[in-house]
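Protein chains in written order, with this note's numbering: chain A, 1 to 85; chain B, 1 to 403; chain C, 1 to 357.
For the record, the hints were derived by calculation from the structure and aren't laboratory data.
Possibly wrong hints are sitting among the right ones.
Claimed, not checked - Quick list of in silico lysine to aspartate or glutamate cross-link-like pairs, EDC-like style, CA-CA up to 16 Å:
no., chain 1, residue 1, chain 2, residue 2
1, A, K58, C, E106
2, C, K183, B, E120
3, C, K104, B, E120
4, C, K181, B, E129
5, B, K210, A, D61
6, B, K241, B, E120
7, C, K181, B, E120
8, B, K210, A, E60
9, C, K183, B, D136
10, C, K130, B, D271
11, C, K181, B, D271
12, C, K183, B, D125
13, C, K183, B, E129
14, B, K133, B, E116
15, C, K162, C, E241
16, C, K104, B, E47
17, B, K283, C, E158
18, A, K58, B, E47
19, C, K183, B, D121
20, B, K154, C, E241
21, A, K67, A, D40
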Amino acid sequence: MEDLKVTLKQQIIESLNLQGMKPEDIDDNAPLFGEGLGLDSIDSLEMMVLLERNYGIKIEDAREGRKVLQSVASMAEYIQQHRKI
Amino acid sequence: MAERIVVTSLGILSALGNGIAANLQALQQQRPGLRYPQLLQTIHAGEFLLGEVPYSNDELSAMLGLPTGNNGYTRTTLLAMVAMQEVLKGIDKKELQDEGFAFINANTVGGMCSVEDMYEDFLSDNTAENALKYIDTLDCAESTQNVTKHFGLKPFTATISTACSSSGNAIILGARLIQHGIIKRAICGGCDALSRFTLNGFHSLKNVDKQPARPFDNTRFGLNLGEGAGYVLLETEKSAKERGAEIIAVLSGYANTNDAYHPTAPNPNGDGAYNTMQLALQKAQLQTTDINYINAHGTATTANDAAEGKAIERLFNGHTPHFSSTKPYTGHTLAAAGVIEAIFSIGALQQQMIWPSLNHTTQMEEVSITPTTQLIEDAGINHVLSNSFGFGGNNVSLIFSRA
Amino acid sequence: MIQPVYISAASAISPQHSFGTDAPLQPVMSSDNGKLYVQDADYSQFINPVAIRRMSRMLKIGISTGMDCLRQSGIEKPDGIITGTGRGSMRDMEIFLGDMLRLKEEALNPTYFIQSTYNSINGWLALQTKCTGYNQTYVHRGHSLEMALLDAQLLLNETTDKQHYLVGSFDEMTDEYFGVKSKIGYWKQPTPHSLHLYKHSDTPGSIGGEGSAFFMVTNEKENALFSIAAMQMLQDYTPAEVDATIARILEENKILLRDVDVILCGMSGDSRFDGIYKPLFNNTTVHTTVCAFKHLCGEYDTSTGFAMWLATQAFKTQQVPEAIIQKKGINPSVKTVLIVNHYILNSASVMLLRANS
Chain A
1 MEDLKVTLKQ
11 QIIESLNLQG
21 MKPEDIDDNA
31 PLFGEGLGLD
41 SIDSLEMMVL
51 LERNYGIKIE
61 DAREGRKVLQ
71 SVASMAEYIQ
81 QHRKI
Chain B
1 MAERIVVTSL
11 GILSALGNGI
21 AANLQALQQQ
31 RPGLRYPQLL
41 QTIHAGEFLL
51 GEVPYSNDEL
61 SAMLGLPTGN
71 NGYTRTTLLA
81 MVAMQEVLKG
91 IDKKELQDEG
101 FAFINANTVG
111 GMCSVEDMYE
121 DFLSDNTAEN
131 ALKYIDTLDC
141 AESTQNVTKH
151 FGLKPFTATI
161 STACSSSGNA
171 IILGARLIQH
181 GIIKRAICGG
191 CDALSRFTLN
201 GFHSLKNVDK
211 QPARPFDNTR
221 FGLNLGEGAG
231 YVLLETEKSA
241 KERGAEIIAV
251 LSGYANTNDA
261 YHPTAPNPNG
271 DGAYNTMQLA
281 LQKAQLQTTD
291 INYINAHGTA
301 TTANDAAEGK
311 AIERLFNGHT
321 PHFSSTKPYT
331 GHTLAAAGVI
341 EAIFSIGALQ
351 QQMIWPSLNH
361 TTQMEEVSIT
371 PTTQLIEDAG
381 INHVLSNSFG
391 FGGNNVSLIF
401 SRA
Chain C
1 MIQPVYISAA
11 SAISPQHSFG
21 TDAPLQPVMS
31 SDNGKLYVQD
41 ADYSQFINPV
51 AIRRMSRMLK
61 IGISTGMDCL
71 RQSGIEKPDG
81 IITGTGRGSM
91 RDMEIFLGDM
101 LRLKEEALNP
111 TYFIQSTYNS
121 INGWLALQTK
131 CTGYNQTYVH
141 RGHSLEMALL
151 DAQLLLNETT
161 DKQHYLVGSF
171 DEMTDEYFGV
181 KSKIGYWKQP
191 TPHSLHLYKH
201 SDTPGSIGGE
211 GSAFFMVTNE
221 KENALFSIAA
231 MQMLQDYTPA
241 EVDATIARIL
251 EENKILLRDV
261 DVILCGMSGD
271 SRFDGIYKPL
281 FNNTTVHTTV
291 CAFKHLCGEY
301 DTSTGFAMWL
311 ATQAFKTQQV
321 PEAIIQKKGI
331 NPSVKTVLIV
341 NHYILNSASV
351 MLLRANS
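Take these sequences, add in the hints, and give me the full structure.
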């Protein structure tokens, strides 16, 4: 699970082009939206693309997707349960 | 005091069929034109209902007397030409050309419908001869130039591309060019053909519904895409009377603003929509109580309908007129939406009918107003407001009045 | 009667040193591979840091040029924003399309789709300036910028208030774009060195270019640099029609050809189109300085923007940059400039610019 979180953080940084950030800069449980990283709705869609391409998880409903994307920890847990690749 | 701008001819092609009569009949009979695509070759064909114009490119070419097959014309241009064919019936071509006119066109992705099928060939070392004639068809102006050439016309031309409000903007520009005395008449509108690029683009935004879209409904999920083309002939009231033309409607007001809120989402309070509608009313010198019907943008996305609904509720403040979205009939025809829905608004004035919003079952929680879900006849309509709101925050409102 | 409008600020990102420099066009940049790409700048000073991370090159270029023009004009929030582009954000389109084909329409990035819409730069400028006024985007090939300017002129003639409209254009060249257009004769073969472009005017084709240019257009004469006294667009023209248009514009403005201090010709070294510029060389007297600019910016839909930026420099400094002069004239100052341009898809335009006096 820890390896997955590190990989996931790296993928988020790359996918959203969070320049200058490293995995250790992102706290597992910190909220990804609103305050903190200041991500917006387009970023959340990009993260759903990340889930689909890297883990074979397809989320059709953007609102449902936002619940999964609360934090790196919530994402990692969802991936563990639903990953297809 | 600026001269009154009137509409003296229309041309339209949509999933509801070819021509104004077919389209208005479908609205009256509440017969939507959505289907699983039979012409668009997409992996998602069995997933998404689309407002596909029920004519193949060969059929459209035949309607225009053009050779079939890969004739160098994109579907976007073919759709535009068929609608143009209808609007040109409203005036003698020689009179139109000799007295000076503008053709103001609009679309969002140009000839992408054809280019996307040939793009890999474009990039290959041995591009097929047949593909070469499509290389200059990607941009938005290709339909503008090809339409005028096909009909042997040489007008002042312009092409606008502001996403979903594009052809609404084309109508505004045409009116202004006439009022400044730059041209005597303007044929204004837009065209957009279905493409995998657009379908997949909206799908990546996760706001396309696999079910029939439900504008202003609490269960709404997203839009259904569509395609089509529409044009209106604008001129001054004086010019129309001089040539004995039937005045179909008056363009009595219009407005264009920007939300300045987000690249794709509207201000959730509906400020942008509110301001645009208010400015259009000011331009028309009308009060909110004068509006009898609103043809809403009503895409059935979560964001648009909440924002637009709130704006309508706030602006009309207790006396919201009948309102509906006609997108469940045609799909969201993108750049053509502004003009197609303007034509439906004009049709409402002509027929004195209010087109019902389809697929509405549940009150939207964000507002207390409800769209009209039954056809209303003998509606006593004098003024109709039509909205189109696009990506990049571009907002357009048009007001048409009874002739 | 439509009144002329004024330009109070101009900014351009181009293949030359034109942006954020005290020494424009120095040194002159060139290429020998048929492609002139812009000189990149530090875009982060013009764009919200959270937004910039997702942005493509074209977006960064267009938005930065617009923001810089605003800064120069001293206007924080214009009354409206009007843009013109022939191609839009090509790279975003290419990436989305390429991914769509490669990944068979699954798992696609929305960012490229959104950014490929032609009015996305307009939308970003409105966002950054909180400008809720009139906004329009023209995608009309060689007349995209001209239409944007005309629209601003109409708006400024629809009001008695002092107003300012941010008007600009942008077009990018990508390797894919260059490759695709090479198949239908856009580019000169063999590839010339950009500075020797006109030596090969007897063969078809030109060199590829790109750039962005923004202008503050206003009805406020005070502090303006120059006015657009006249502008005419032509489509499917003959050289005689261009000639006649120039003659008409000069006559209507009561100017003799000898009083035109500078003519900026959009000749592109393309034998199919450069015929419209020959009369300008033959008929001008010793007074007029005749210039060309596409050896510096390349051929693209909205190159008129680069020409207008050059005109701005000439009005400001009262000197004509050596790098563009083809035939030097003796008129001592720069009060009247004519821009005559064309684009490969059969459009041409003529603009008369006059110093604000």
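Hints and how they fare:
{"no.": "1", "hint": "A:K58 <-> C:E106", "result": "holds, 10 Å"}
{"no.": "2", "hint": "C:K183 <-> B:E120", "result": "holds, 14 Å"}
{"no.": "3", "hint": "C:K104 <-> B:E120", "result": "holds, 13 Å"}
{"no.": "4", "hint": "C:K181 <-> B:E129", "result": "holds, 14 Å"}
{"no.": "5", "hint": "B:K210 <-> A:D61", "result": "holds, 11 Å"}
{"no.": "6", "hint": "B:K241 <-> B:E120", "result": "violated, 53 Å"}
{"no.": "7", "hint": "C:K181 <-> B:E120", "result": "holds, 14 Å"}
{"no.": "8", "hint": "B:K210 <-> A:E60", "result": "holds, 10 Å"}
{"no.": "9", "hint": "C:K183 <-> B:D136", "result": "holds, 11 Å"}
{"no.": "10", "hint": "C:K130 <-> B:D271", "result": "holds, 13 Å"}
{"no.": "11", "hint": "C:K181 <-> B:D271", "result": "violated, 44 Å"}
{"no.": "12", "hint": "C:K183 <-> B:D125", "result": "holds, 10 Å"}
{"no.": "13", "hint": "C:K183 <-> B:E129", "result": "holds, 10 Å"}
{"no.": "14", "hint": "B:K133 <-> B:E116", "result": "holds, 14 Å"}
{"no.": "15", "hint": "C:K162 <-> C:E241", "result": "violated, 36 Å"}
{"no.": "16", "hint": "C:K104 <-> B:E47", "result": "holds, 15 Å"}
{"no.": "17", "hint": "B:K283 <-> C:E158", "result": "holds, 12 Å"}
{"no.": "18", "hint": "A:K58 <-> B:E47", "result": "holds, 15 Å"}
{"no.": "19", "hint": "C:K183 <-> B:D121", "result": "holds, 11 Å"}
{"no.": "20", "hint": "B:K154 <-> C:E241", "result": "holds, 14 Å"}
{"no.": "21", "hint": "A:K67 <-> A:D40", "result": "holds, 14 Å"}
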